[in-house]
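There are 2 protein chains.
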Amino acid sequence: MGKNLTSRSEDYSKWYNELVVKADLAENSGVRGCMVIKPYGFAIWEKMQAQLDKMFKETGHENAYFPLFIPKSYLSKEASHVEGFAKECAVVTHYRLKNAEDGSGIIVDEDAKLEEELIVRPTSETIIWDTYRRWIQSYRDLPLLINQWANVVRWEMRTRLFLRTAEFLWQEGHTAHATRQEAVDEAEQMMHIYAEFAEEHMAVPVIKGTKTESERFAGAEETYCIEALMQDGKALQAGTSHFLGQNFAKAFDVKFATREGKQEHVWATSWGVSTRLMGALVMTHSDDNGLVLPPKLAPIQVVIVPIYKGLEQLDAISEKVNPLVKELRSKGISVKYDKRDTHKPGFKFNEYELKGVPVRLAIGQRDLENGTYEVARRDTLQKESVKAEDVVAKIESLMQEIQENIHKKALDYREAHITKVDSYDEFKEVIEGKGGFVLAHWDGTPETEDRIKEETKATIRCILLDAEKEEGKCMVTGKPSIQRVLFAKAY
Amino acid sequence: MGKNLTSRSEDYSKWYNELVVKADLAENSGVRGCMVIKPYGFAIWEKMQAQLDKMFKETGHENAYFPLFIPKSYLSKEASHVEGFAKECAVVTHYRLKNAEDGSGIIVDEDAKLEEELIVRPTSETIIWDTYRRWIQSYRDLPLLINQWANVVRWEMRTRLFLRTAEFLWQEGHTAHATRQEAVDEAEQMMHIYAEFAEEHMAVPVIKGTKTESERFAGAEETYCIEALMQDGKALQAGTSHFLGQNFAKAFDVKFATREGKQEHVWATSWGVSTRLMGALVMTHSDDNGLVLPPKLAPIQVVIVPIYKGLEQLDAISEKVNPLVKELRSKGISVKYDKRDTHKPGFKFNEYELKGVPVRLAIGQRDLENGTYEVARRDTLQKESVKAEDVVAKIESLMQEIQENIHKKALDYREAHITKVDSYDEFKEVIEGKGGFVLAHWDGTPETEDRIKEETKATIRCILLDAEKEEGKCMVTGKPSIQRVLFAKAY
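The listed protein sequences correspond, in order, to chains F and D. Count along the first sequence starting at 1, add 74, and that's the number in this note's numbering. Count along the second sequence starting at 1, add 74, and that's the number in this note's numbering.
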């Protein structure tokens, strides 16, 4: 398997597209903008799901499932929400096909037109709040902490595997609370959980903050987000959590009786991460040789490749390897012993490098004689000879080391790509040049934000959550500003 | 919580509908034919998923994800397949909404009409085989063993929670093989896995067999199935596995190079179970007091209800109960200690009976003095006093006993409701009377099958897999028959 991978410096975007396909993560389907997630890619997504699901359940959330379809009238009930999604809705209008009378094939049966069109959910606030009206009567029914794993559809015109697809997989949490403060706390909690997941499991450093009004979710009063930086200096929004105020409760008339017996509208949040995280994972760590996966999310953590001539040598190697495989598995390490005779070791090395397997062991005649393994780590491409009796301990420590090392590498890159600027010229220079995050003063108006976006393609990624207050002047208009905000070009 | 549940004898169908809603499994949504699966119901489904997924992976299958939408032209490629699904397809025709010019609200934007309509997948053979054409070139790529967990849509006119809904959740396996025999073996293997899951985990006895030609999956050469019997004497098809021959490989031109270098079409299977299993689970075991859940699938296996007056008594009880909860959890038993002060013990007893929690512990002042718990099992409603030091062992053995007992009860019911008949009059009498499965001779023609269905509403559920060959005469036409087949009215 020759990798033939375009290098990042040559064409980052092409490198990404090729890598996703060649590493067997996903590919385009025959359906415009919809991807096929291949088994290797899906195995990574399953690991992400399992960990997130655990974190959601540990914080009291339960899973449920709501309909794929949303009646058009539901979507219309919250004004800014429908405004935000109307332009990218897949619309179901009919419920039957039939044979054309002229024999030209199967056509839509015009007699089977729906009375009301159904929208394939772009997000589920409306159908869920229509349900919550039935579920919530009293303060005793609150908080209601629900999550859903689902597919959603947003008809994007320009799509890219994982990063922007017409259909994608995600989880969407939808919670209901008795007080504003409790809902705000929930929205913040979920942002922190997403950040913890990104940092600890994906090894992706993220910056937490809130969105400006114009970048908020359609229907939210506040949108919290985590922002990551890719190796090409562009930012990627990796997760969002919304404080929805009482907007949806009012649109769907969801009230509860307080302890004091008063009727009040419920307070809401929603929050989600999607298969877009797969794109962030790939773009943060991978290199010109292929994927680099964090051990915690790698479907195969260790691969063992035998180097042999003839069955006799293979048998001798297997005699050594089989108990090792067993021991590693007993320690919860996923290991693959690849003794296929249809491919040469060099081909296998390339393949597992491309697929980002964190640790590769090779064992040949000389190792057998010396009682050693050649241990190669994917992140640094370093190899060393390790005594057989030490190899399990070595692998265990590598799992930890690699996880930490790739996080540190990504963090170093990000820290080297956060620039403070004080003038618009300097801003443009950085944005056009080295890229990355730029901290600058802004006057707080959507007009200035729009102008910057139009002139530089950079957007405000977030207002930092724990930034120091620092008074200054907007780099564009010179008007007063109370703190710097974070700009970047973004995916 | 008064249960107010209609009894089975009064109206079985009404009992089922009420139970599903009252036990918090699912409810109808505002979208025609689409259900909301509530957290308690979804927790059962998650347990089913986890177990099935494990069994699939243990037999070498991997998960992947394919698009929700299927271009109309794909669906049309396999003639009998489109014939089978055309009448119940949700069709996406547009990709945008807009504000009506007359201000009447949000309408479909007629300028955003799709060039080719998209069908919301009713099943994924066509989109998957379009993909497999790219994945399969050589015998080295086979077998390809893939499963997908997904939502599908079939526009049913008459729907019932879990049993028949417009949208439902399922898994669909799609495999590709080099030889006919390997594909047949795979289809049979999956039927056996489904049967094992039904018997061992759901405690639902099933009969294995093959479908007659007219009951086969649209596009299959053979459909294997498992059939269960509900308490009203009606059968329920609980899972199917299809040998698809080379039909889809031919329709989508999927060929592989054999070891000898010849180009041949691939052999296929597909197999699935759905949220319909939830209906089977409810209807097999539950009684007039509510759900009865098998311990292996119960989200809460043990509930502990304290009976107390005042906080001091509760504290004394909690001091006993807390370590017990911890010990049970350490043994992998899911336990809930319900010390809510907003509801009385009687209310709680009713609630957990309704929700089918296998074991209920109660502890009051007298128990505290005597060092005992009152242990009640949901399946038999028997109660006994158990010494505190024996209670863990008691619970552990009850988990096993209840699982076995409800299976045995269901099996006894089924065995008492399989009737051999030799005349059509006798057949009608049984079908109209006690119901259940009926074993009878049939001449093997679709005409006779249709006539029986029309006259009695009974269908051939399956041709038994391991039935003894027994020559006889068709009960309707008197023509020769080589073995009895299994009839029933069915869901």
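It should be emphasised that the hints constitute simulated quantities derived from the structure, not laboratory data. Be aware that one or more of the hints could be misleading.
Which copy is meant is left open, because identical chains are indistinguishable; a pair holds if it fits in one copy or across any two.
[Unchecked claim] Straight-line Cα separation of at most 30 Å, DSSO-like style, residue types lysine-lysine; simulated pairs:
1. LYS394 / LYS553
2. LYS400 / LYS121
3. LYS324 / LYS563
4. LYS400 / LYS553
5. LYS468 / LYS547
6. LYS308 / LYS429
7. LYS96 / LYS324
8. LYS413 / LYS553
9. LYS482 / LYS494
10. LYS527 / LYS461
11. LYS370 / LYS394
12. LYS410 / LYS531
13. LYS418 / LYS336
14. LYS187 / LYS329
15. LYS131 / LYS508
16. LYS543 / LYS527
17. LYS413 / LYS161
18. LYS468 / LYS527
19. LYS413 / LYS461
20. LYS131 / LYS394
21. LYS172 / LYS531
22. LYS172 / LYS483
23. LYS531 / LYS394
24. LYS187 / LYS508
25. LYS151 / LYS187
26. LYS405 / LYS461
27. LYS429 / LYS324
28. LYS131 / LYS468
29. LYS161 / LYS187
Results of checking the hints against the structure:
1. LYS394 / LYS553: Classified as neither: same-chain Cα gap 72 Å, cross-chain 66 Å, threshold 30 Å.
2. LYS400 / LYS121: both (22 Å within a copy, 28 Å between copies)
3. LYS324 / LYS563: Result: close neither inside a copy nor across copies, 36 Å intra and 48 Å inter.
4. LYS400 / LYS553: For LYS400 and LYS553, neither the intra-copy (66 Å) nor the inter-copy (60 Å) Cα distance is at most 30 Å.
5. LYS468 / LYS547: neither (54 Å within a copy, 73 Å between copies)
6. LYS308 / LYS429: The answer is within: 24 Å in one copy meets 30 Å, while 51 Å across copies does not.
7. LYS96 / LYS324: between (49 Å within a copy, 27 Å between copies)
8. LYS413 / LYS553: Answer is neither; intra-copy 68 Å and inter-copy 58 Å both fail.
9. LYS482 / LYS494: Within one copy only: 22 Å inside, 73 Å across.
10. LYS527 / LYS461: neither (57 Å within a copy, 72 Å between copies)
11. LYS370 / LYS394: within (26 Å within a copy, 39 Å between copies)
12. LYS410 / LYS531: Classified as neither: same-chain Cα gap 45 Å, cross-chain 54 Å, threshold 30 Å.
13. LYS418 / LYS336: between (74 Å within a copy, 24 Å between copies)
14. LYS187 / LYS329: neither (35 Å within a copy, 39 Å between copies)
15. LYS131 / LYS508: neither (41 Å within a copy, 46 Å between copies)
16. LYS543 / LYS527: Within. Shortest intra-copy distance 24 Å satisfies the 30 Å Cα cut-off; inter-copy 78 Å does not.
17. LYS413 / LYS161: neither (52 Å within a copy, 50 Å between copies)
18. LYS468 / LYS527: neither (49 Å within a copy, 68 Å between copies)
19. LYS413 / LYS461: within (21 Å within a copy, 57 Å between copies)
20. LYS131 / LYS394: Between copies only: 26 Å across chains, 42 Å inside a chain, cut-off 30 Å.
21. LYS172 / LYS531: This pair counts as between: shortest inter-copy Cα distance 27 Å, intra-copy 48 Å.
22. LYS172 / LYS483: Answer is neither; intra-copy 58 Å and inter-copy 46 Å both fail.
23. LYS531 / LYS394: neither (57 Å within a copy, 64 Å between copies)
24. LYS187 / LYS508: Neither way: LYS187 and LYS508 sit 54 Å apart in one copy and 42 Å across, limit 30 Å.
25. LYS151 / LYS187: Both. Shortest intra-copy (23 Å) and inter-copy (24 Å) distances satisfy the 30 Å Cα cut-off.
26. LYS405 / LYS461: Only inside one copy: LYS405 and LYS461 sit 19 Å apart there, 38 Å across copies, limit 30 Å.
27. LYS429 / LYS324: neither (49 Å within a copy, 32 Å between copies)
28. LYS131 / LYS468: between (33 Å within a copy, 29 Å between copies)
29. LYS161 / LYS187: both (22 Å within a copy, 13 Å between copies)
Of the numbered hints listed earlier, those contradicted by the structure are 1, 3, 4, 5, 8, 10, 12, 14, 15, 17, 18, 22, 23, 24, 27.
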